[in-house]
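Chemist: As they're listed, the protein sequences go chains U and H.
Our numbering puts the last residue of the first sequence at 116; the count rises by one with no breaks.
Our numbering puts the last residue of the second sequence at 270; the count rises by one with no breaks.
Derived by calculation from the structure, the hints in this document are not laboratory data.
Mixed in with the good hints there might be a few duds.
Calculated cross-link-like contacts (lysine-lysine; reagent style BS3-like; alpha-carbon spacing at most 25 Å) [said to hold, decoys possible]:
no.: 1; chain 1: U; residue 1: K59; chain 2: U; residue 2: K41
no.: 2; chain 1: H; residue 1: K198; chain 2: U; residue 2: K74
no.: 3; chain 1: U; residue 1: K71; chain 2: U; residue 2: K59
no.: 4; chain 1: U; residue 1: K41; chain 2: H; residue 2: K181
no.: 5; chain 1: U; residue 1: K41; chain 2: U; residue 2: K74
no.: 6; chain 1: H; residue 1: K198; chain 2: U; residue 2: K71
no.: 7; chain 1: U; residue 1: K8; chain 2: H; residue 2: K198
no.: 8; chain 1: H; residue 1: K181; chain 2: H; residue 2: K205
no.: 9; chain 1: U; residue 1: K41; chain 2: U; residue 2: K8
no.: 10; chain 1: U; residue 1: K59; chain 2: U; residue 2: K8
no.: 11; chain 1: U; residue 1: K74; chain 2: U; residue 2: K8
no.: 12; chain 1: U; residue 1: K59; chain 2: U; residue 2: K40
no.: 13; chain 1: U; residue 1: K57; chain 2: U; residue 2: K8
no.: 14; chain 1: H; residue 1: K181; chain 2: U; residue 2: K40
no.: 15; chain 1: U; residue 1: K41; chain 2: H; residue 2: K225
no.: 16; chain 1: H; residue 1: K198; chain 2: H; residue 2: K216
no.: 17; chain 1: H; residue 1: K198; chain 2: U; residue 2: K40
no.: 18; chain 1: U; residue 1: K40; chain 2: U; residue 2: K8
Residue-level listing of the chains:
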Amino acid sequence: DQQVKQNSPSLSVQEGRISILNCDYTNSMFDYFLWYKKYPAEGPTFLISISSIKDKNEDGRFTVFLNKSAKHLSLHIVPSQPGDSAVYFCAASDGGATNKLIFGTGTLLAVQP
Amino acid sequence: NAGVMQNPRHLVRRRGQEARLRCSPMKGHSHVYWYRQLPEEGLKFMVYLQKENIIDESGMPKERFSAEFPKEGPSILRIQQVVRGDSAAYFCASSPQREGSGSPLHFGNGTRLTVT
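Here chain U stands alone, though its shape is the one from the complex:
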């Protein structure tokens, strides 16, 4: 049962344009959502998060949007840079005492110079 889904395995974007990565979830108990970035042979690196009480969080070039009614979140990167090329994972937590994160399968972003 895939509770967090990233339906696009890959995305290609031109440098300077906007990258939009999407994520859907099924568990309505999730109340905290995160995006991680992962380069080959490295561990995931935390990018940005959002609590379910908000619908937008912004940090520099990265903005995460949350639509609770649609159980959908997205990560916007603008402007995209070649160094942003990596796999992006969406993750969610249900607010339990464990802070256990459930990850999506990832989207490979390629930013073309």
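Keeping the supplied structure of chain U fixed, place chain H upon it in accordance with the hints.
Modeler: Structure of chain H alone, referenced to chain U:
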């Protein structure tokens, strides 16, 4: 990913051998999580530990896998009698002591286990 140290980075084992993966959390972090990433898949939760306690092992296979986080020293993920299906990247993450959810986990660079 400075701070969370995993070793070895690469581990090759023959079928039937034991694999021991080590994780030292970030300084000041007392919560450790182990995740596994199979090829072409996302990260799957395995186990959550605090010092000397297993809190949630709902993602651990019922047999051959065990984990510990002793009072002194790193957390250990142990796989006995490895099989080819155990080949994967195993990631450790840590977080500081906290109440409730709402803080990101900090990941190490993983151990890539290859079973031949």
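Chemist: All hints, please: hold or fail.
Modeler: Structure-based check of each hint:
Between U:K59 and U:K41 the alpha-carbon distance is near 23 Å, which keeps this suggested pair within the 25 Å criterion. Only pairs whose Cα atoms come within 25 Å are accepted, and H:K198 paired with U:K74 is accepted, the gap being roughly 21 Å. At most 25 Å may separate the alpha-carbon atoms for a hinted pair to count; U:K71 and U:K59 meet this at roughly 11 Å. Restraint check: the Cα-Cα separation between U:K41 and H:K181 comes to about 22 Å, which is no more than 25 Å; the hinted pair holds.
Only pairs whose Cα atoms come within 25 Å are accepted, and U:K41 paired with U:K74 is accepted, the gap being roughly 24 Å. With a C-alpha separation of about 24 Å, the suggested pair H:K198 and U:K71 falls inside the 25 Å cut-off, and the hint holds. For the proposed pair U:K8 and H:K198, the alpha carbon gap of about 13 Å is at most 25 Å, so the pair holds. About 13 Å separates the Cα atoms of H:K181 and H:K205, which keeps this hinted pair within 25 Å; it holds.
For the proposed pair U:K41 and U:K8, the alpha carbon gap of about 17 Å is at most 25 Å, so the pair holds. Only pairs whose Cα atoms come within 25 Å are accepted, and U:K59 paired with U:K8 is accepted, the gap being roughly 20 Å. Straight-line distance between C-alpha atoms of U:K74 and U:K8 comes to about 11 Å, which keeps the hinted pair within the 25 Å bound. Between U:K59 and U:K40, the direct Cα distance comes to roughly 19 Å. Compliance with the 25 Å bound is thereby established for this hinted pair.
Our distance criterion of 25 Å between C-alpha atoms is met by U:K57 and U:K8, whose separation comes to about 21 Å. With a C-alpha separation of about 22 Å, the suggested pairing of H:K181 with U:K40 holds against the 25 Å cut-off. The hinted pair formed by U:K41 and H:K225 fails the criterion: a straight-line CA distance of about 31 Å is larger than 25 Å. For the proposed pair H:K198 and H:K216, the alpha carbon gap of about 15 Å is at most 25 Å, so the pair holds.
For the hint pairing H:K198 with U:K40, the CA-to-CA distance comes to about 16 Å; that is within 25 Å, so the pair holds. Annotation: proposed proximity of U:K40 to U:K8 holds, straight-line Cα distance about 16 Å (limit 25 Å).
Checked against the numbered hints given earlier, this structure breaks only hint 15.
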